[in-house]
Amino acid sequence: MSMSKTSINPFNHDVMPDNTPLVNVNYNGKWIQVPKGLNVVEVTQSQGEFLPHYCYHEKLSISGNCRMCLFEMGMPKMDASRQPVLDANGKPEIAWMPRPQIGCATNVTEGMGIRTNSPLAVDCRKGVMEFLLINHPLDCPICDQAGECKLQEYASEYGSGESRFVEDKIKKPKHFDLGKNIVIDDERCILCTRCIRFAREVLDDDVLGIVNRGGNNTVTCHPGKHFDNEYSLNTVDLCPVGALTSKDFRFKMRVWFLKETKSICTSCGTGCNVTIGSREQTVYRLTPRHNEEVNSQWMCDTGRLNIHYLSGEDRFTRPLSRVKGELYETSWEDVLRQAGSRLKTFSGKQISLLASGRMTNEELFLTKTLIDELQVSLYDILPRQGQGDKFLRSADLNPNSIGASLLGVSNDGKNLQAIKSGIQSGDIRALLVLQEDATEAGLSVEELSKLELIIYVGLAPNATAKAAHFVLPSAGFTEKHGSMINVKGRVQRLNQAHLPPGRAMDDWEILRDLRSATTGGNGIHTIEDLFRSMSAKVPALAGLTLNKIGDHGVQLSLTAK
Amino acid sequence: MSISLTPDFEKKLDEAITHYPVSKRSAALPLLHLWQEQFGYISDEAIEFIAKKLEVQSIHILELVTFYPMFRREPIGKHHIKVCRTLSCALGGAHEAHACMKKLTGAQGDDHGPCTSPDGKYTVEYVECLASCGTAPVMMINEEFYENVNSEEKAKELLKKYQ
Ligand code: SF4
Ligand code: SF4
Ligand code: FES
Ligand code: FES
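So the protein lines, in turn, are chains A and B.
If you read the first sequence in my numbering, its first letter stands for residue 36, the second for the next number, and so on.
If you read the second sequence in my numbering, its first letter stands for residue 1309, the second for the next number, and so on.
Hints were generated in silico from the structure; no laboratory data involved.
Among the clues, some could well be false.
Keeping only pairs whose Cα atoms sit at most 35 Å apart, straight-line, the calculated DSBU-like set for lysine-lysine is [what the hints assert, rightly or not]:
(1) B:Lys-1332 - A:Lys-425
(2) A:Lys-282 - B:Lys-1360
(3) B:Lys-1332 - A:Lys-260
Some, not all, of what chain B presents toward chain A, calculated at C-beta under 8 Å [said to hold, decoys possible]:
(4) Ser-1366
(5) Ile-1367
(6) His-1368
(7) Leu-1370
(8) Glu-1371
(9) Thr-1374
(10) Asn-1450
Computed from a predicted model, the values in this text were never measured in an experiment.
All C-beta atoms, glycine included, are put in the ideal place defined by N, C-alpha and C.
Model the full structure from these sequences, guided by the hints.
Set out below in structure tokens:
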């Protein structure tokens, strides 16, 4: 693995520079070569095996407090002249130490012996498990972490079935409010300090700590202060047990019911890689998906929590068409035929189009085709600027501004004023609005009411939908296929986790059908076809397919737009 | 929060910080000791003040204060009765001595922490080994040391000196 030039993490234990020298180590009886400097947890991983651990995390400092990663360690035997003693096969003989060492804080050196499965190692693991569970409330049946709890998993794999602890367990806060998004159950906490180190080292927001002593150790904030960081929910992912839970997600769904779909966050231009957790038609959570080139293992709370509009009661589930001033539900055939034939009655100069930096490349490509075929002269997207930060959040709140420019749909908002005056003067008589609200782009409700035709493609009501003649219900980002280009010029894939509600359709299909109803163009049946025709036309995407973009995206060279 | 310290005391704190040129944070314990010497206990304001002075978050001062039992979060009584409860004394009757002292002084509270009498005169508290294990149970009252405190009479006798 090669490390990106500027990693966002202070520690990357798992990423070794390419030129790291190798050392020979005896791993469970086999001589192997591994990069010098890896620790024993990582060596085990490099062998496709697993040394259980709690406090070790590849992106945090080593703290060595949980003792779960104990292993049996040996060093080469030396003779009187400090030369290694060789065995019959010419390999160094190893002198095994009587006491176990922790794997996370032991970096391999030449000739080191590692036993992770010896009776000593197995026994130590069992002992540590027993200690970790001494004061644990054993409330797994009502714990939200069940299904992804390392304590449960390792207890069943490495622990013993029963507890010998007959004394009273220590009581600690059960649901302490750590911040606006997080609750902590201190009785479940195993004091691994991952959350504390994340806040301190990665966020530079050192507000978490451990108070009291020994068995009474309690992870908390200073009374009256809160862990309200924009990235606080990453600690919920980091927490190996059910101590930290997300207020948004807790008790909503057992994790084993969740279907996991690899996609990206669309709440800003960074395009953090995510896993969508959905069941049936509902998205329950987003969790960050590892991509060292984009977001490492993190995401912001805003992006993570921006999913509830998808299951909003107000979503459009059927196409609507205006009859005598009122919107009525209708069929796709009907709405497309009517909208298409109405659109055809206008010349390109009379039509404007407001697209969105939230659209996928595929949607934008089809939009551009429609623009060209109808010879629409005034079109643009709505730029969305926010406050970025030094960590992940981009100041560009549109997830695909670059795609919109690359595909020729964006004029960076410069045409919005012209569209407005065109409507005022009556030159513009028809407006297509794709996934935006025209009033956000500066048009007033009066101006909208002057238009003879408004076609709105979107997922929920807004001022534009209210004024529209046709409403084409479309899909949210977890409901669609496609690709977007993030602010660094990386093209990444969205995958469909679940279907849009009711009769709503994926936007690219709506645009395809609208296009064939309007200009007759067709011939595209799958999203892959669509991507292929796009990459054939757009040099920056040449040679790419959705398949080639893969789960981690592809960096484009976008020097010439 | 506003706290006014005498210039002398503040100088003392600043001087202590200079002993740790690499990391101010290391001065946390010395500062807490100085504070407790001066005010008798570590108040919430003290924690905030020291945290600010050392440029750390207050939670990290609170961690120390709650870790070390010698730091007090509340003012204690005029006379401080420290009963050893480490093994030898525990076997020799430390718990009885502690209970007896609580009874005689009227001190109240959880045995795990300092128990203070309502009149503010006495605080009874457990401490760890006072290094006189052969004469268990032992205790200290203020800075004086007492051995074999194994009867109520003996305890009453001792308390006479501390009125
Ligand atoms: S709350 Fe979780 S992450 Fe934090 S110390 Fe406890 S177990 Fe570790
Ligand atoms: S930083 Fe941007 S892309 Fe990443 S999670 Fe937050 S909003 Fe989404
Ligand atoms: S992972 Fe090694 S001590 Fe916790
Ligand atoms: S055990 Fe009490 S003085 Fe040592």
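Comparing the hints with the structure gives:
A hinted pair counts as satisfied when its Cα atoms are at most 35 Å apart, and B:Lys-1332 with A:Lys-425 qualifies at roughly 27 Å. For the hint pairing A:Lys-282 with B:Lys-1360, the CA-to-CA distance comes to about 31 Å; that is within 35 Å, so the pair holds. Annotation: proposed proximity of B:Lys-1332 to A:Lys-260 holds, straight-line Cα distance about 23 Å (limit 35 Å). Here the hint on B:Ser-1366 is kept, as its CB sits about 4 Å from the closest CB of chain A, short of 8 Å.
Interface hint status for B:Ile-1367: upheld, as the beta-carbon distance to the closest one in chain A is roughly 4 Å, under 8 Å. With 8 Å as the threshold, the beta carbon of B:His-1368 comes within range of chain A, its nearest partner Cβ sitting at about 6 Å, so the hint holds. Taken as an interface hint, B:Leu-1370 checks out: its beta carbon lies about 6 Å from the nearest beta carbon of chain A, inside 8 Å. Here the hint on B:Glu-1371 is kept, as its CB sits about 5 Å from the closest CB of chain A, short of 8 Å.
Taking 8 Å as the C-beta contact cut-off toward chain A, the hint placing B:Thr-1374 at the interface holds, the least distance being around 4 Å. The beta carbon of B:Asn-1450 comes no nearer than 25 Å to any beta carbon in chain A, farther than 8 Å, and the hint placing it at the interface is violated.
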